[in-house]
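Two independent chains are provided; combine them into the complex using the hints.
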Amino acid sequence: MAPITPAGSDVSSGPPPENDGHVTAAAERPRRPRLRGRLGTQHLAGWLFSTPFLLLFGTFMAFPIVASLLMSFTDFGLRNVTDPLAADFVGLDNYIELFGDETFRRALFNTTYFVVVGVPLTIGLGLVAAVLLNSGIDRFRTFFRVGFYTPVVTSIVAVAVVWRFVLEPRDGLIAGVAAEFGWTSPDFLSSPTLAMPSLIAMAVWRNLGFPMVLFLAGLQSIPTEVREASRIDGAGAVQEFRKVTVPLLRPTMLYVAVITTIGYLNVFEEPFVMTGGGPADSTLTTSLYMYREGFDFFHMGYASAMAYTLFVIVLAITLLQLRFLRDKTR
Amino acid sequence: MSTVDTSRPSAVRTGDPATLAAFRRRDRTRKTLLYTLLSFGLLVMLAPFLWMGLSAFKTTEDLTASPPVWIPTEWTLAHFRDLLDVLNMPLHFFNSTLVAVFVTLGNLVFCSMLGYALAKLNFFGKGPVFGLVLGALMVPMNLMLIPKFVLMSQFGLLDSYAALILPFAAGAFGVFLMRQFISSVPDELIDAARVDGANEWFIYWRIILPLVKPAMATLAIFTFMGSWNNFLWPLIVTNDPDKYTLPVALATFAIDPTKSEGSNGMLMAGAFLVVLPILLVFIALQRYFTQGIATAGLK
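Chains as they are written, first to last, in UniProt numbering: chain A, 1 to 330; chain B, 1 to 299.
Because the hints were derived from the structure by calculation, they are not lab data. Beta carbons: idealized from backbone N, C-alpha and C, even for Gly. There could be a bad hint or two in this list.
Computed spacing ranges between beta-carbons, pair by pair [what the hints assert, rightly or not]:
| id | chain 1 | residue 1 | chain 2 | residue 2 | range |
| --- | --- | --- | --- | --- | --- |
| 1 | B | W70 | A | G234 | 20 to 28 angstroms |
| 2 | B | D27 | A | I232 | 16 to 24 angstroms |
| 3 | B | S184 | A | V246 | 25 to 33 angstroms |
| 4 | A | D75 | B | L37 | 55 to 63 angstroms |
| 5 | A | L319 | B | L37 | 32 to 40 angstroms |
Next comes chain B alone, as it looks inside the complex (with noise of 0.2 angstroms):
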């Protein structure tokens, strides 16, 4: 991102010999206090997820210590492996990628449809059809959730990965963040495709698809982002813990003291596992978070 840095005084920049001295001094100063602020605040942020990445490879001896270790003073997976033995981790992490693949698909597609046909068909009933979008945005999930579940019961989907798919599959976001970035594609480029002869599931398809690739990553990456982090849903429709998403199987382990009761390597490290996809995948792709947050309003 780049900034005009608004904080110096026009005399500093024009270069008047004695202030900019006396500036330059007084710029360092604040620089450091700035800083030492930001890094203390970092600190703060990232505290935890440290906290959490070496406990779950400390020994229980070192977890239970007094005064407390800082660094392992011996690095084990023995919390890893104590987990696996409770918790089937590779089927959770096996569903919740499976859930969020499929959601993911489903918003890519289905929010695009309707995006192009909001933002360049005209076609009766458009109008109420984006207000119900638009609508869809402001109603919280749940006032929803009862009689989803019996809904889903009445189909004999309950423990079923669609159970955990079809209701995110197409949400009001997606539509909303698609029909403003298909908007700005020009009417010249459609009306062209129209004149050859296109129909307008080609023109949908090959021309603006290829053009709204990067709202397309954007709304990819924050659905699927969702979809891994999502919990009260999933919870209400699984009670067999084989169909399980990770937060799912993460959250019933802790608050069960029968299971967990003072096992916190194990706590910390299921929650490491929980985290560091999601983790990797936000560090690699974080321009487009920020990005997406910024133009779109996402979170």
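Okay, chain A solo, but in the shape it has when bound (with noise of 0.2 angstroms):
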């Protein structure tokens, strides 16, 4: 093989050295025409290089999105599992008994209710964790991000089932520690109120790591120059915040933003193990009435007709965080 050097093991490492400042000569080189007439090849090569991923793109991806919104318009059951072609069209149906569906709108509202104190908590605290990681601490840094990034990458079943534990009402964490200061502890999970406020306790520890080491590498990027420029202008502590750190992280808030909400929007595992939907419905949310729908009584029709719906919302909300979230300084 030639002398080639991988790039090293920084993955943030552009190309590797020795071909730096070469890449402007390419235009005029001699064999450029030579090139060109390899350029059919490359076609070729293109699409072989193409073809797995579009076989499994197509197949698990654009054929599914393609029927499930077929299947929307029709009563796809279960027998149709093992004969999906006898289906029939229903039109509208599924989606006006959608709309008049008081479970449907009563998870839609759990729903809400989880992403919008869900999101700007864990964003939130994301942001605080990151800040204070970014004041000045030299020691232990690592082990502090690693310690606060470790629950995103653990298995969220086997956190919610930990959960469970820790809030339950007689042996729990939370009982034992309230038991030592001589109080009692509710019963998070049984009670309407407390469970979904319980749940997104659970979702805000989980996730919040993430924006952090995003916040954290946005902030390493801010310049000292323009720190110091507003500390000259007689800025504080929190008017830096919030008039030169805030405005520079807005791009890092953007993507995190979209990406948590989508993530919250399509909550299942944390309702599933830890209160199955209940107490009366209190953390019912819409994928998990989707999940019931299509996977316990094969309502499939009507639960294609309710993915759908949920699609339609996420992609209305990503798109209205891209209009108001966006770098207005540009």
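Here it is as structure tokens:
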């Protein structure tokens, strides 16, 4: 093999150093015509390299997206799993039923609750953690960062099982801590008012490491001169944070908000493991309701209509976020 | 990660002695406060894991003791033994590992292939193909669940490893990531190889792949982790407990009151076994994780 050295172990490192500075000469090289003659092989090679991905993509994404839309206009049920083409076309019936469905409205409300409270808390606490880690900590930085990020990598099912026990009113961790102070712990997951906040607390705990790491990277890219200039102009710590840090973190904020919102809108595992949607549907989310309708009752046409409605909502919210959180300084 | 300390005014760095002493004193108080806050935060973040780890080894008496017992009075493996009687953990561990390994291999090969084509080849239809990849990033998984399930049933693949692996064998994010990294490989290198008579496969396999090893490592880690923690799809396509992955086995056990009611020790032992492997991988490779997120926004 040619003497090519792999780019170092650093992911963020760009092209290997021995090739720097030669890029601009490309246009005038004498061998250019020969290469153009080879473009024909590039068409073929390009498609050959794309084939495996496109096959999998076509089968497991493109086709299901279209099929899902078609199914939402049919009465697709259990018998159609073995005989899909026998499903009957029912027009907009599924959608009409959906908008009159009390339980779906409840699920939509619960999901909105989860997103509206959960997303700002996750991003806010992630930002706080990042700012604390970036304010002159030299020792144990990696240690803290790894610790705060740990919940993000662990299985959400395992974490939900652990939290169910943490929140248990008799033998749980919170009950134990409360007992040390002579208090009693409420039964979080059996209370219609406390169950959802408990799930939100768990989601915030599990996910705040993600915005933290991104904000940390963003904070470190803010030039020292900018901060010093604001200090010289007499800005206090709070003003510096509001007028310098937050605006410069805007692109990161946008990305984090979009990703976190999409994730939270599809919340499923937490209620599935911790509450089963109860008590009294107080933690029934749209994904959980869709799962139930589709795979417990095999109302697959109806569940498809639900999936599409949710997709439209997710899309609309994402577009709104892109509009409102866009970098306005440019 | 190297940082520029932005928290000290320039007076400190230039060394004016009067302000320096006062600043040092204030700095010490500030740092104590900072470390206290961070340590408290860290305790909250790690408490559930500590609780899980300790509870898994407590006796049932300790688990239900009032007032609570924090450190086991007697360490026991009884819950692990009981769990193994109910759940075939080695088999579920094998299933999870097998699926994660093949999903990771699939992503490494297929995503880097398309990534190379999108970054370095001029072919008819390249724009639309890249558009598809970007579009695929936006579509939530839930939208495709039901037709995908019907498709698997039609293929006769329910309860098979293929059903667990194939839908995840080539992710759009992997393509996006590989395209970004392969774009930074200089064209000269590829042109030189072409002049020397190398074909496209040789260029991809012997030149591009060795150069993007760090990106491949990042992709491998995130894909493996995603597959290991994946839940909803395995839950849907497997009915046969012998094909359950770890999270599915744990969840079906946990939500069935006839099996797990009052057996917090077993549940914690189960969670411990699911969390431990990925936790060890994470701690060993944490540098790649944080760099992966910071450079590519991976989750």
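Going down the list of hints, with the structure as the test:
1. The hint said 20 to 28 angstroms for the Cβ distance between W70(B) and G234(A), and at roughly 50 angstroms that hint is violated.
2. Between D27(B) and I232(A) the C-beta distance comes to about 20 angstroms, which sits within the given range of 16 to 24 angstroms.
3. The given range of 25 to 33 angstroms is respected by S184(B) and V246(A), whose C-beta atoms sit roughly 31 angstroms from each other.
4. A hinted range of 55 to 63 angstroms for the beta carbons of D75(A) and L37(B) is consistent with their spacing of about 57 angstroms.
5. For L319(A) paired with L37(B), a C-beta distance near 37 angstroms keeps the hint of 32 to 40 angstroms intact.
In the structure shown, a violation is registered for the earlier hint numbered 1 alone.
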